[in-house]
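Enquirer: Residues per chain, in single letters:
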Amino acid sequence: MTMSTDHSTRHDELLPAYALGALDGPELREMEAHLAGSCPECERQIPLWQGDVEELAASVPAVAPSPETRGRILRLTGGGASRRPPLRRWLALPAAALLALAVWSGVRQARLGEEVERLRAERGRMARQMEALDRDLGLARAEAQRMAATLAILSTPGAQTIRLAGLGPAPRAVGETFVDPRHGRAVFWAFHLPSPGSGKTYQLWWIDGSGPVSAGTFDVDAQGLGRLEVDRVERPGEIQAWAVTIEPAGGVPQPTGEMVLKG
Amino acid sequence: MRRIAAGEGKALADAFDLHSPVVLGVLVRLVGRLPEAEEILQEVFLQVWTQADRYDPERETPRGWILRLARSRALDRLRSRSNPAVRWG
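If you read the protein sequences in the order shown, they are chains U and G.
When the letters of the first sequence are read in order and numbered with the numbering used here, they come out as residues 1 to 263.
When the letters of the second sequence are read in order and numbered with the numbering used here, they come out as residues 1001 to 1089.
In isolation and in its complexed conformation, chain G is listed as follows (with noise of 0.2 Å):
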């Protein structure tokens, strides 16, 4: 996360190899569809890259985090699918 913080293309796409399935995998069972799902992962890939400084280690692992902001982006998501009225995007 550090190297990523500090601009390193190579680390965001290590990251993205080493973890992108498995939150994948939570995002398809979030969300129930994948094209969906893989939007997902790219908005959360793209907060890890800007918002990298953000990252805590001594709360949680890099896994976690990433994990943790993909489920509250599914989480809007669903969120948005149920009441249309109040979506932004």
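For reference, chain U alone in the conformation it holds in the complex (with noise of 0.2 Å):
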């Protein structure tokens, strides 16, 4: 026979988790190992822990429970004072269902809330977007007949190219002139002319033998590139020179400022 080891206050701890199966690990060794031998004390206590509770309850000695206690339990319940009925579950269970709806609602609320608020930055990105691409397109397009404007002019049989040079305030400028002489038709192109300055425009001339005759005005973009159609030249054939001088916005009948180009 096994000898049990003598019954202390650890068995007493461990005893009630052992009688009701809560115990596993060293613990449970610890209490198999004990009753392995003989212990009067777990004997008589097992089948109490095991059994009726009530008659548990006499075997062991009452504990007042705190007045922190107490008072938080009467808290909990309303201080002691009646409630209203409560719910039954049918009713119970349709308002928890109802209130986790509604919680659930306002939480996907809340994200698709902030989806479509994306969704819309991303709209009015995409318009951004397409008004940019809108406006290169158009002026892809009008550079477009632009091109095609002057290759017509080219392509003309009998078509005249008159290089110009740049003169005093703008050595580094170059002009050319395309002249469809059948159709009395031409188009300049001006490259590296600086800004005319405020208020001021370029103005094209030709000049025959009764002196020099507007072909209009134009102005150059910021990388000093001009451009200007010119729907009626008058006797292509009389032209001597053509020539760009800069005057007031607008143009004048004749020139009056400083030379630019000329050729």
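Everything labelled a hint here was simulated from the structure, so no lab data went into it.
Just so you have them, the derived chain G footprint on chain U, three or more residues with Cβ under 8 Å:
| hint | region |
| --- | --- |
| 1 | 14–28 |
| 2 | 58–67 |
So, partial list: chain G residues that the calculated Cβ filter (under 10 Å) puts toward chain U:
| hint | residue |
| --- | --- |
| 3 | Leu1012 |
| 4 | Gly1032 |
| 5 | Glu1038 |
| 6 | Glu1039 |
| 7 | Leu1046 |
Positions of the beta carbon are idealized from the N, C-alpha and C atoms, including for glycine.
Grab the two chains, each in its own frame, and use the hints to assemble them into the complex.
Expert: Next comes the structure, spelled out in structure tokens:
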């Protein structure tokens, strides 16, 4: 027969959990080793823990709960006052489900709101991109039309190209005038022309036996590129030269400003 | 229990004063620590307050029912203590 270890307070502590099947690991092995021998105290207590709980209660000393614990219980239950009868479960369950649904709906609505805002911002961004693309497309079409007009003149039999050289204020500037003598049309291109200055414009002239004749005014972009289409060139065969001057905005009937291109 | 189930707070206070020393005595013996035993005692009486309509007077006395709730909760606590990996609280 295996000798049992003496019953101690340690065994008192472990016994309830052992009797209720809630011990495992080293503590279970410790109790099993203790009970392998004979322990009258454990043998007396185990049936109590496993049996009728009221009998068990009669075998342990009562312990008064602290006033704090009593206070908490009374506060949780409304301070001892009466409450409305509890909701029946068949009412409480749908109420809980409705509450959960309301919380879920709120969360979902907030998420949907964020998604709508994100999509709205995305739509705005796409709209701005479309506008920019439309502008680029318009510019490209206008450029293509201008190139087509120049090519139409250049491809005309007998077309003339007059090169204009930069003068004093714009020595790097160059110009090209393409003339279609058959139809009396011309296209002028200027390169590397600086801005004419505030309130000023560039004006193109052709010069024949009677003197300078205005072909129109033009502006230049940030790269110094300027262009002018001349729909009616009078007596192209008599033109002796082409020139560009800086004139007051809107142009003048006869040149008054400094000449920047001539050819 | 019928008065507690009807929502009478005074009835719960009376039940607490009558049964809690015995219930706490059992809980202290079960879990070994007074603070933990008092925590369980609160849980038990909250359960009594919310589930008094489940009490069956033909099956057991009010004290027997409350002690059974207490033993069940203490057992849960002991199990979670010995196997902390599955503790939810």
